[in-house]
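S.K.: Protein chains in written order, with our numbering: chain A, 1 to 951; chain X, 1 to 599.
By construction, these hints were calculated from the structure, which means they are not laboratory data.
Be a bit skeptical, because a hint or two may be false.
Label pairs and their computed distance ranges (CB to CB) [stated by the list, open to error]: (1) D540(A) / L370(X): 49 to 57 Å; (2) R297(X) / Q699(A): 52 to 60 Å; (3) P452(X) / Q846(A): 51 to 59 Å.
The C-beta atom is built at its ideal place from N, Cα and C for all residues, glycine as well.
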Amino acid sequence: MAAHLKKRVYEEFTKVVQPQEEIATKKLRLTKPSKSAALHIDLCKATSPADALQYLLQFARKPVEAESVEGVVRILLEHYYKENDPSVRLKIASLLGLLSKTAGFSPDCIMDDAINILQNEKSHQVLAQLLDTLLAIGTKLPENQAIQMRLVDVACKHLTDTSHGVRNKCLQLLGNLGSLEKSVTKDAEGLAARDVQKIIGDYFSDQDPRVRTAAIKAMLQLHERGLKLHQTIYNQACKLLSDDYEQVRSAAVQLIWVVSQLYPESIVPIPSSNEEIRLVDDAFGKICHMVSDGSWVVRVQAAKLLGSMEQVSSHFLEQTLDKKLMSDLRRKRTAHERAKELYSSGEFSSGRKWGDDAPKEEVDTGAVNLIESGACGAFVHGLEDEMYEVRIAAVEALCMLAQSSPSFAEKCLDFLVDMFNDEIEEVRLQSIHTMRKISNNITLREDQLDTVLAVLEDSSRDIREALHELLCCTNVSTKEGIHLALVELLKNLTKYPTDRDSIWKCLKFLGSRHPTLVLPLVPELLSTHPFFDTAEPDMDDPAYIAVLVLIFNAAKTCPTMPALFSDHTFRHYAYLRDSLSHLVPALRLPGRKLVSSAVSPSIIPQEDPSQQFLQQSLERVYSLQHLDPQGAQELLEFTIRDLQRLGELQSELAGVADFSATYLRCQLLLIKALQEKLWNVAAPLYLKQSDLASAAAKQIMEETYKMEFMYSGVENKQVVIIHHMRLQAKALQLIVTARTTRGLDPLFGMCEKFLQEVDFFQSFVDKLLDLMPRLMTSKPAEVVKILQTMLRQSAFLHLPLPEQIHKASATIIEPAGESDNPLRFTSGLVVALDVDATLEHVQDPQNTVKVQVLYPDGQAQMIHPKPADFRNPGPGRHRLITQVYLSHTAWTEACQVEVRLLLAYNSSARIPKCPWMEGGEMSPQVETSIEGTIPFSKPVKVYIMPKPARR
Amino acid sequence: MPEIRVTPLGAGQDVGRSCILVSIAGKNVMLDCGMHMGFNDDRRFPDFSYITQNGRLTDFLDCVIISHFHLDHCGALPYFSEMVGYDGPIYMTHPTQAICPILLEDYRKIAVDKKGEANFFTSQMIKDCMKKVVAVHLHQTVQVDDELEIKAYYAGHVLGAAMFQIKVGSESVVYTGDYNMTPDRHLGAAWIDKCRPNLLITESTYATTIRDSKRCRERDFLKKVHETVERGGKVLIPVFALGRAQELCILLETFWERMNLKVPIYFSTGLTEKANHYYKLFIPWTNQKIRKTFVQRNMFEFKHIKAFDRAFADNPGPMVVFATPGMLHAGQSLQIFRKWAGNEKNMVIMPGYCVQGTVGHKILSGQRKLEMEGRQLEVKMQVEYMSFSAHADAKGIMQLVGQAEPESVLLVHGEAKKMEFLKQKIEQELRVNCYMPANGETVTLPTSPSIPVGISLGLLKREMAQGLLPEAKKPRLLHGTLIMKDSNFRLVSSEQALKELGLAEHQLRFTCRVHLHDTRKEQETALRVYSHLKSVLKDHCVQHLPDGSVTVESVLLQAAAPSEDPGTKVLLVSWTYQDEELGSFLTSLLKKGLPQAPS
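Looking at chain A on its own, in the form it has when it is part of the complex (with noise of 0.2 Å):
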């Protein structure tokens, strides 16, 4: 998703900056042969059909600019017409149809040739490949009204044919290009287009499953491009549901969805009765009947579907909960309703005797029906499917399910509890995810919390945190819930703690949540006594900790809980309060001073202050231009040295002042870099004094790739300027080099690399985009010259501020880097060391966080976590849990290593690529490559001790 926005972005500003002369200026630097004649006389070499089919293959690995796509396709045309080798032809027609993807080639030359051969061809596979080939010219010319007619008119003339093949390709035809609005063609050539819908809608009824599909996919295209389907198509898609192949079962869903959202009003009769119901609801019956479809694939897309029905009645709805269950013909009680029925009437036990569930009221025989048209059971059913996927597809439905609808989220609740307990870690997990997005809408009862507490000790470290996060916003009703949750969690405190902080976390909002529920247990919990002093717990016991997290946060609002504390209580308040602030929250304890209570509230009216004083400090920077550069400068460095103050203060500002910061230190940089003496300096005369040039223009470079990479919410403007800004470092550099190197030769390379550049993402000033021509044909020397001028003239260009911008950071948990004792191991072998670390605003992570390993002896290691070791715990926040492996060579005595975390950045990877590369086998390779890291955490120093090998 993050390399499609990229791509986006790009390809939007170069919308806007491209002029079309470049093109053409472009156009004399090629000088390499044409492909065309070389296709031509490798042709014309072939003898056999798989020799040809060998040169087309060859030729097909590499691209062809924009400018000689006619020619080869003339080429290929040609030699079309003269094949009789079907193989041969298809491969000619895949190719035209992958030619014809070419950016900035206009195809349409090319479409009267293809029509022209589909209409001789005999084969039915070249035939389908050549539909193939209409269809890529009809979408890359979306505006063309009359060559998508004709395209249509194509298609349709063709569905008669008898291979299934052709059949599929004509209706994806009709799907891609029918048109769209039957008013914009009229008359007779509105003919064909009329009745797109109705001609597809015919071959739902195909011979062939594969054709079927196709016109059912061709159908859902038609949607996807904006037309409004028919509600007649509701009843043909309904039959197909019942269709004796899979994907068209799928595929038929997946419509009666699109319908139903389409038509929700919409009243349909119900077949043997004269009711009627919504449509809505009776496509929702239906989907739900296909959750226990035969095939699963069908299932998983049933399942899915669901989550999104939320206009269903909540009638419908709550059936889906509903499976009626009886023995021997009497109607039993779910051992949910039993549980349910035992904690109202205050037992709690169940299931000891044998006949507890026993049948109680004897079922109407005519009464019950065994398949239910409409929705009973359908979750009851995905939930207890065989495969896992259409579980997760069940789970992930109700959650959405549940989220717009509170009543059916207090009724789904024991069917999530349930899940708790799947035999799959992946789906325990997406139940509790999903429990905690609906919690706000829920209450839990005691038996609910029993059952979602004994999943504390599970033994994955993912489940338990999932279930942390899930208590955080839990709504418990009694305080033996609070009490019964506080136990369960300081016995998964003993049992893995490593869990601290996690726990910790937890208790604090399940104490800021139920103030009341937790303070009539305060005596119990601290262990006070009525008449004697107890003893004084140990500080440092973290379960103890725990409960006076749990505790100050429940008394954060509830001021007479303070009474409670005995002594030694607000002892412990004072020191936690110092060393675990985030955990525990300033009190208005009696008799003490608020120290930290004047500055919590005086934190919110001075937010817009400050968001003024930003706004102020950057506008003053605005009058740079006219200042001399003296002043220039200070006015910079005041600038900086607040905004970092500022940053430091107001978290939630400090991205945005950080990134400005940056941008005018880079800013402060070049002015310096400016006014050094080399400017006056004949070049020859001037030699070695360049350095502080050379280190500004590199130091530029590293700031912008920071910003360009480091901060989330970055927007196209502020893109831009970012190159303009590195654009102008490079020529910065180049100009330093030119100045302190001789000899044209490097200086040649370099001039061609950076026009290279200029080309390359066109954002620099408009002022050199006008000496382009000139830059072109001009001299290293003279590019230097011009450089010169142009750099010393660039004006300072504001940067517009964007809405919401985050500063990556990353912090290293573990390894905390605390530790004197050495993790020791033979040198030679390979030591694991987990690290835990919390990243925070990093997109993709996946593929840009690595962690460095630096040794003593200044060798770096770089090392890929697996995507796997990721973990998203909440939107904008990543948890990285893995293990790195360390090995040296021996040391005499134990040492320090760095570890830190890197974010790697390709600036590359932002430039879209020609379709004809996606096409061919070549390209992932460009994705993955690292152009640069950025360190964006503290480095921990971890001490190590690799011993000489003990024969």
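Once you've looked at the hints, dock chain X against the given chain A.
M.R.: Relative to the frame of chain A, chain X by itself:
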């Protein structure tokens, strides 16, 4: 009239000794060959003399199919094949073939060694019987002979349980055996494709039950076990060696793993070790989870479950023990029960049904004081009941019927009263005929087998070219000649048929005179006819020939004036046999007369 005949020898309106005879298109197949647990006399085995009084069974039966290894489905097999005498093939799946002899041997031991029965099958007979077995894979089509083929589908229930499709030509029967439509901890759910058999023979054990989600049961079970061992108590779970025992083992094993528990779990040895070995081998027959994880670890290689030794029962501290047999009526489970019954911290969990008279039944019905070997035993330990059963419930049965889409359904393996209800439901809701014969009662189903006819490609293409759009699943009229030769049928074009049979073609023409009241000349009449037909028959090619006649496709119309009456014209209509449809339509059209000319 071809027909399918079904006669249950056992399991007709009853549970136990499943044995169903099916005659389909002249082939006789026996489905299952089980024993009845309720009887100890001759009634425990099906009455094989029903099949044939004298003469060998092999001559009457084409094959025997065993659906799974439970004794009520395979218990009579050695008796049937060795003592009654049957030498034909016996089909079963690989796991069934592996586990079946273990259970038969166990059954024999109990009957002969413990109860001292004479005239029972011997170990050698079991071995000989197993030699006649042909093992089949899932979804493998096995050709029993030229016409009869069988195919196995996954049925859940126990390891290796299968549903079988028996097919002769276009007629087919599906026998489900026992099956389970909801997956459990070690097996998946039954599945069948839309094979549309003529008859589906399905079990109906839970015909009147709709079951609760199994998750609650599992959770309850685990919670109870966990609570007891945390209190330091001992848990006894009496089980039968195969089937449920493995499910419960996996359940506990994974729970122990998840919760990091260290309390020992024991399994009393015996049959189990051998059987567990087979469970380890037949991973493809298990559920998704086990199949997916077995690369890392085979779930049946239990880490926490160890073999039980008699001495362990007296060990202090908590433990969980699985012991046989399941109803606490004898053996190890009863011994352990006696040791532990006195302590209220302990618990016994009965995972299944208990027959009346057994200790299991007594304690489940709440009895606290037991008389055992002349001594009074007070039961202080907690007694729990958990139902783990692997049969499809009413909804599951309906679901399977819906999946297979049979023409009719036949219920076996269930109680008559319950079947009645399900039968009514199936007929009402699925609109499918349903039968429930008692033992020895025969159900006859007439079938209308479809007869495949080969069509020549040329003819097919020609007909395809004529039609506008190929409409799937709709009958189409086609002209051709049916040739029947050596019991196969071919449809060819008439020219080809003539050529093949060496016959000369005869032209058959129908001629019909239509009298028209028209005073004008023949030519004009012809012209009027022409324009009339032209306007009516838009899709056909109507031509007016220079000689004054009119043709519609190949139908010829000529107007003539009979000498006697100038007021009427006779229209001669002549068509070939092939154009019969069009010709008769034209005559009837013309008989109605021509419309009055506008002039």
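S.K.: Hints numbered earlier in the text: which of these fail when held up against the supplied structure?
M.R.: Of the numbered hints given earlier, the structure breaks none, since each of them holds.
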